Each structure stands twice: as C-alpha cells, then as structure tokens.
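Participant: The residues making up each chain are set out below.
Protein chains: 2
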Amino acid sequence: MTSSISPDLSAYCLDLARRARAASRLLACVSGKHKNDALLRAAEELEARAAEVVAANEKDLAAAAEFALSAAQIDRLRLTPQRLHDAITGIREVVALPDPIGQVRASSVRPNGLEVYKVGVPLGVLLFIYESRPNVTIDAAALSIKSGNAIILRGGREALHTNRAVHAILRHALHLAKLPEDAVQLVETSDRAAVGQLLKMNDLIDLVIPRGGEELIRRVAAEARMPVLKHYKGICHVFVEKSADLDRAERIVLNAKCQRPGVCNAMECLLVEEAIAEAFLPRAAAALRRRGVELRGCPQTCRLVPEAIPARAEDFDTEFLDLVLSIKVVTDLDAAIAHINQHGSGHTDAIVTNDLSAARRFTAAVDSAAVMVNASTRFHDGQELGLGAEIGISTDKFHARGPCGLLELTSYKYIVYGEGHVRGE
Amino acid sequence: MTSSISPDLSAYCLDLARRARAASRLLACVSGKHKNDALLRAAEELEARAAEVVAANEKDLAAAAEFALSAAQIDRLRLTPQRLHDAITGIREVVALPDPIGQVRASSVRPNGLEVYKVGVPLGVLLFIYESRPNVTIDAAALSIKSGNAIILRGGREALHTNRAVHAILRHALHLAKLPEDAVQLVETSDRAAVGQLLKMNDLIDLVIPRGGEELIRRVAAEARMPVLKHYKGICHVFVEKSADLDRAERIVLNAKCQRPGVCNAMECLLVEEAIAEAFLPRAAAALRRRGVELRGCPQTCRLVPEAIPARAEDFDTEFLDLVLSIKVVTDLDAAIAHINQHGSGHTDAIVTNDLSAARRFTAAVDSAAVMVNASTRFHDGQELGLGAEIGISTDKFHARGPCGLLELTSYKYIVYGEGHVRGE
Numbered sequence: 008m009t010s011s012i013s014p015d016l017s018a019y020c021l022d023l024a025r026r027a028r029a030a031s032r033l034l035a036c037v038s039g040k041h042k043n044d045a046l047l048r049a050a051e052e053l054e055a056r057a058a059e060v061v062a063a064n065e066k067d068l069a070a071a072a073e074f075a076l077s078a079a080q081i082d083r084l085r086l087t088p089q090r091l092h093d094a095i096t097g098i099r100e101v102v103a104l105p106d107p108i109g110q111v112r113a114s115s116v117r118p119n120g121l122e123v124y125k126v127g128v129p130l131g132v133l134l135f136i137y138e139s140r141p142n143v144t145i146d147a148a149a150l151s152i153k154s155g156n157a158i159i160l161r162g163g164r165e166a167l168h169t170n171r172a173v174h175a176i177l178r179h180a181l182h183l184a185k186l187p188e189d190a191v192q193l194v195e196t197s198d199r200a201a202v203g204q205l206l207k208m209n210d211l212i213d214l215v216i217p218r219g220g221e222e223l224i225r226r227v228a229a230e231a232r233m234p235v236l237k238h239y240k241g242i243c244h245v246f247v248e249k250s251a252d253l254d255r256a257e258r259i260v261l262n263a264k265c266q267r268p269g270v271c272n273a274m275e276c277l278l279v280e281e282a283i284a285e286a287f288l289p290r291a292a293a294a295l296r297r298r299g300v301e302l303r304g305c306p307q308t309c310r311l312v313p314e315a316i317p318a319r320a321e322d323f324d325t326e327f328l329d330l331v332l333s334i335k336v337v338t339d340l341d342a343a344i345a346h347i348n349q350h351g352s353g354h355t356d357a358i359v360t361n362d363l364s365a366a367r368r369f370t371a372a373v374d375s376a377a378v379m380v381n382a383s384t385r386f387h388d389g390q391e392l393g394l395g396a397e398i399g400i401s402t403d404k405f406h407a408r409g410p411c412g413l414l415e416l417t418s419y420k421y422i423v424y425g426e427g428h429v430r431g432e
Numbered sequence: 008m009t010s011s012i013s014p015d016l017s018a019y020c021l022d023l024a025r026r027a028r029a030a031s032r033l034l035a036c037v038s039g040k041h042k043n044d045a046l047l048r049a050a051e052e053l054e055a056r057a058a059e060v061v062a063a064n065e066k067d068l069a070a071a072a073e074f075a076l077s078a079a080q081i082d083r084l085r086l087t088p089q090r091l092h093d094a095i096t097g098i099r100e101v102v103a104l105p106d107p108i109g110q111v112r113a114s115s116v117r118p119n120g121l122e123v124y125k126v127g128v129p130l131g132v133l134l135f136i137y138e139s140r141p142n143v144t145i146d147a148a149a150l151s152i153k154s155g156n157a158i159i160l161r162g163g164r165e166a167l168h169t170n171r172a173v174h175a176i177l178r179h180a181l182h183l184a185k186l187p188e189d190a191v192q193l194v195e196t197s198d199r200a201a202v203g204q205l206l207k208m209n210d211l212i213d214l215v216i217p218r219g220g221e222e223l224i225r226r227v228a229a230e231a232r233m234p235v236l237k238h239y240k241g242i243c244h245v246f247v248e249k250s251a252d253l254d255r256a257e258r259i260v261l262n263a264k265c266q267r268p269g270v271c272n273a274m275e276c277l278l279v280e281e282a283i284a285e286a287f288l289p290r291a292a293a294a295l296r297r298r299g300v301e302l303r304g305c306p307q308t309c310r311l312v313p314e315a316i317p318a319r320a321e322d323f324d325t326e327f328l329d330l331v332l333s334i335k336v337v338t339d340l341d342a343a344i345a346h347i348n349q350h351g352s353g354h355t356d357a358i359v360t361n362d363l364s365a366a367r368r369f370t371a372a373v374d375s376a377a378v379m380v381n382a383s384t385r386f387h388d389g390q391e392l393g394l395g396a397e398i399g400i401s402t403d404k405f406h407a408r409g410p411c412g413l414l415e416l417t418s419y420k421y422i423v424y425g426e427g428h429v430r431g432e
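Chains as they are written, first to last, in our numbering: chain A, 8 to 432; chain B, 8 to 432.
For the record, the hints were derived by calculation from the structure and aren't laboratory data. All values derive from a computational prediction rather than experimental measurement. A couple of the hints might just be wrong.
Since the list gives no way to pick one copy over another, a pair counts as held whenever it fits inside one copy or between any two copies.
[Unchecked claim] Taking lysine to aspartate or glutamate pairs in the EDC-like style, the calculated list, with each CA pair at most 20 angstroms apart, reads:
#1 240 with 326
#2 207 with 230
#3 240 with 210
#4 249 with 426
#5 207 with 222
#6 240 with 221
Please model the entire structure based on the sequences and the hints provided.
Facilitator: Right, dumping it as structure tokens:
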C-alpha cells in the first residue's frame, strides 16, 4: 500500500490531518448548544439542497460499472430521497442526545480537601474508513461533531461524487454556525496510498474506525500506528437450555435467524441441550425450513432432523450472513459455554432458559460483547440498547465493547481543584 | 528481536499464554470474596516466607555486576525487608478496594421491557513488561488477581531470582485458595526473543503494559499486535496566571519541582504571565536556587533573573527528572495553553490563578490527563486522586487516561434480560 508515495500525496495527507487537529482543538471547547446549532444547520442545508446531493449520487451510479459493483453494492450506493431524509432525521436524533463532553463521570473530595472531577473530553481526530453507503457519511459526521471530535472521512471511490456534495454542505453548515469547517475533512483523492499515509500519523490522528469487510479491517489493524476501533464478524449463537419454554425458544430462534439474516447480530449457530433435543429440534427445524433456512447439523441433529445436511467442521466457524444455520446438540450448559467461547466471535450470544442459575452462569461465563437471556440476538444494536446512534459494534474489549455511540467516541481527563495544595514534604 | 527463535522458545511462550488464557476463563467467574481470600493468603505466605524472598534477592544483588547496573539501578533492585513489608501492605490495600467485576455500570429498561445491564468484566490476560524493582511483581499480581485477569509477568533479567521466589509463593497462595495457579505466570527465560513471541499472540493476550524507559515502551508499541497501555514521559507545566496569589504560586512551584524531582508528575517547565513576571520571577527563582534548582530561561526570564542560564529550544521539550527547570514568560493565558498543548506530554499541567474564567478556560483547553487548579502537579497519582493502587499512569486517551487502577484493567459486557422478546418483524 505504501510502495510509491508521491511527495504531493504526502503533503496533501499531512495538510488534511493538521487542519483536522487544529479544528479539533477548537471544537473541544465548544458548548453543547453550539454543536447542536451546527448540526441543525446541517440538517436544514441538506434538506434544502437534497436535489444537489441526489444528482451527485446519480453521477456515482452512472459510473458504477467502472468499479464492477454487484447489484447489492449498487443498491447500497444509491442515496434515494427517502434514504437522505432518514439520514437527516438521524442528525436530529443525535442533536437530542445528551452531550458527553464536560459531563462529570465521577468525582470525589479527598481527605486533604482536593476536589477531583473525572470529566468527558473528545478523543481529538477520528479517521473513518468505510465503503459504499453514502448516508454513513452523514451519520459519522453528526456523531463526530456532537462528540467534539474532528473527523477525516475516507469513503469508497465509487461514492466520491456523493460524498463531495455532502461534505461541501456539511462544511457550509459549520461555517454558518461559526465552527471550524476543517472539523469535517474528506479524503478526495482516490489514490489508495493515502490511507497508508494517514495510518502512520499517530501524532495527528487519535483513532481509526474501519467499517467494511474483514479484509479491510485486518489491513487497517496491521498498518495503523494509532488505536483501531474494530467491528469484526458476528458468529452469534442461541443456546436452548433444557428448562426452556419451547414456544418461546422457537420464536427467538426464528427471529434471530430470519428477521434480517445479512447483519452481524443474526444467529449463525443453534445449540440445543441433549435432554430436549428430541422435543425441540424437529419442530424448530420444520419452522426454519418453512422460512427457507438451510440446516447444517452435527450427527445427532441429522438423526433427529432428516432435512438437515451434515455440517462440516468449518460451518461452526462461519458467518453465513444468509439463510443458512449450523446446529449442534450439546451435552449440557458448560459444553454450550465452551463451544461459544471457542467458536464464537465475541459479538452476541443468547440463552433460552427458565433456570435462574443457568442464566446467571451463562451470562457470567460467555465472553461476548452482549449476552441475551430469553431475547433475540437481533437486539444487540445501539438504538435497541438505548445508546442512540452508533458508528459500529466493537468486538474488542479495550476502550469500547458493543455498540459505539457518542460516549465511546470520547475520553476523559481529571480536573483537580485545590486551594494552594502541595504534596507532603 | 525475532531473528532466531528456537522452536523450544515458541512452544514455551505458547504454552505459557494458553495456560494463562485457560486460567483467565476460570478467574472471570470467581466471586470477589474468593479473590480476596487468595490475596490475603498471598500476603500471609509472603510474610511467612520473607526470609526466602530476601535471600533470593541477595543472589540477584550478588550477580548485579554481570548486568553492569548503576548504583541507582542496584538500589531499585534491592528488596529490603521493609520494602517487602510495604508491598505486602499494598496487597491488603488492594483487598480493601471494591471489586470492579460484576459491578453494574449502567442499566436501563427499554420501552419494550428489555432490561439492559452494562456490567464490569475482566480484560482476560495481561502481559506486564517491567524493569528492576521486584516489589512491582507483587503489586501487579495483586491488581491483576483482584480485577479477575490472568497475568504474564516479564521482569528484568537482573531480578529473576527474586521474581522466581515471589512467583512460587503467589502460585502456592492461589493453590491454597483453590484458584488456578496459572493465573500468575512468570517468563523465566532470559531470552529477549520471548517478548517478541508473546507480543504476536493477540489471540491469547488482551493487553500489554510496558513499564520502564521510553525506548522499551516504543519497542513494545511498535511490535505488539494487541492493545498497549502506555505510560510515556511527563513534561509537566505550572502556569502562574496574572491574578495568582504569589505566595501560593511559589509554594506550588517549589513543591512541583523539588518534592521528588525524579518522577513523572514533577514540573519540568514554569510558565509565567508577562504582567506578573517582574513581581514573581525573581522571588521564585531565588527560592528555587536555594533548593539547588538549575534554571534555564527564555530571554525575558534571563533579563529578570540573573541566575538563569539561556534555555535552548530543546529544553522546552525535555523531561529532566532532575533539579533542572525551564522557564518561559508568556504574553497571556492563551499563549500558555498553546505552549502546553505543543510542548507538553499530556501528563499533568497546573494553573495558579484566582480568576474563575481563566481556571475554566485552562481546564477545558489543556489537553492533558490531569489538569490542576491551585494544586501541585505531584498530586497526579492513583492514591492521591482516590483510585487506590495503580499499575501506571496512561498518557493515552484511548481506554484509560491518567492513573490505571483496578477499573482501568477491566472491560464490560451488556447483559440483556427479556421474556421471549423478538425484534419487530
């Protein structure tokens, strides 16, 4: 990625990052009302100039053939008036969220009278690398401004016209609100070496957030010299424990697999406790088959469910993102926990049970960002968990785990008030 | 570092990390009382076998010549009965701290009735790389066990006998308390390639904490594939604003510079607002000179303070860790903030002022882990700020900033309780 960098490209990236850093210093000290004013301006400007944005998107769509996009990718690239409207509504929802900056998260008065406050502050400069969907440009910029961070946006080449149009409007809104325009930067070159350059600038960029395929994320994680907020795959499980209400279990299994199979919090593997496998698996399998789900089972599953095909070992380590499900019968709760901790991706795992100690043991021992009891895995999402808009779901444990909303885009500092205090001499 | 790795060394490191991972799974589900029992056992065993530890330390001291240690390094290596006693007292202080694991940090009931709990969990496996002082082995193991993490300790080669003796006792205490002995691992080979091997194992190790010189930290940060909790240098400032009480300012300046000049939260640079430079600098300089401090001033300082020698540009970017101070006269508050954000290390900076808006502007705009108002920089420390024992002070903004105690060694998960909830179809 960094084989032949032109001096121009280096200078371009450095200038971009420096201007973002300078803007971030100003934005860090701005009131919540001032940031909200800018966001409301952005919503109004995007509404007033919607035709301009849609026209730019038409240009990208017309050029889509150049990038050999699939039909699904073209659909994601399309910014219809409705999708733009939804993104603008999203800005207004971000405005309504509480400001995480300046918020006192902990405080104490020490025995010597020192007053200690732990106070929310922005991270500084974010680098956001993403693919296709240009409405994400609007979501990311709104979360970034509200959390007091400057952001450098690196969208897909195939969306450059749309992103340019959106970016110009966002900058104009910042200008109207008397905030630094440089707080939202767009990498306008389609030279892929630009990303490699930016990933080295750990003095100017505080966090990189890659959102896209696993390969993109791995490449960014390998090259970045600053922290990376990663959103890896979701190999999510539902475990039906022997005390489970079987109607409830069937409803949850169907929802977790079928309601939206292409997303990261959909179930990929069903685990069933041996003691109820005979009672549960045939009926669940029939319901799943009616919804068009392909079933890949362990030998015990295949004996109980004639429609299942034998699972290969790798089926238990695969994120299908499709109407495909692996199924395994496990001897007991501990076997289910061990399977999940070995084969899962630490994203979302659920137990269906009516046994309190089983629920408590499962939630304590399963090492995942979200653990559900008698609820569908599909609820693991910033809005559903009450955090508001999110920029991704972290499967890391460091800094942020699970949905990454405003709070997860911040850090804190200690502010200490004394009256001339000195330390014991 | 990774030029010629023997297969034996690879297997050794892999085995160590795997056993730590397995132990961490068990430790994550243990009650606070059970962990405290193990720590109290460790304190008792270390007390009972103190002579054994001190004898091992004598062996290290006898071999110190082999490692060409300086007198200061030999002093740090020495584990006197008093220092061992202090470390054991430290274990009992950690026992007294609240357990961060299982603690509900936020909760909500969603409109659909889902109950959402954000609950503290361990990070998993820590790798701690440190130099010389063997009492740190005890501190780190105590913090790690209490926070539910397994730890891999990599101390200096010069302290290996002491660390082996301490490690054997800690393992025995875990055994007595019926906790997994593998929760505390010691890298016993002195082969430096072992560190390079461990830093690649991001599937088995969740966090690396290097504590030592800047070079060690940079090397670890460059090689590690897992997150790094960094404790870089402290270039700390005191800014005396024009409204400051000058007696108070002098007291804080003397304390910040002289009370313990060799530590990271000591002041390295004094900034004085122009309007009071003539009134403050000569008296402050005289007091500092009486305490043996060498003064390196900007041209304006040198005009006001004949004892000052002219500062070179690099003096304003240097952590002296000694009785040396750089001094600069600045035109106003904003110039002080700009100087600190450019030349500081984001560790600790203080303002002495009696002006409320100056205090508020300084604390908001200075981008450092701790910002003090009318208090010495020396208060930036886990005990002084009320967090209890610490494993270091982070100058990063990601995950943890400032003192890293128990809470900073943890992550969280979302536990969600439903009653058969499925997401809208």
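Participant: All hints, please: hold or fail.
Facilitator: Results for each hint:
| no. | hint | result |
| --- | --- | --- |
| 1 | 240 with 326 | within (7 angstroms within a copy, 44 angstroms between copies) |
| 2 | 207 with 230 | both (8 angstroms within a copy, 14 angstroms between copies) |
| 3 | 240 with 210 | between (30 angstroms within a copy, 15 angstroms between copies) |
| 4 | 249 with 426 | between (63 angstroms within a copy, 16 angstroms between copies) |
| 5 | 207 with 222 | both (19 angstroms within a copy, 19 angstroms between copies) |
| 6 | 240 with 221 | within (7 angstroms within a copy, 36 angstroms between copies) |
The earlier numbered hints are all upheld by this structure, with none contradicted.
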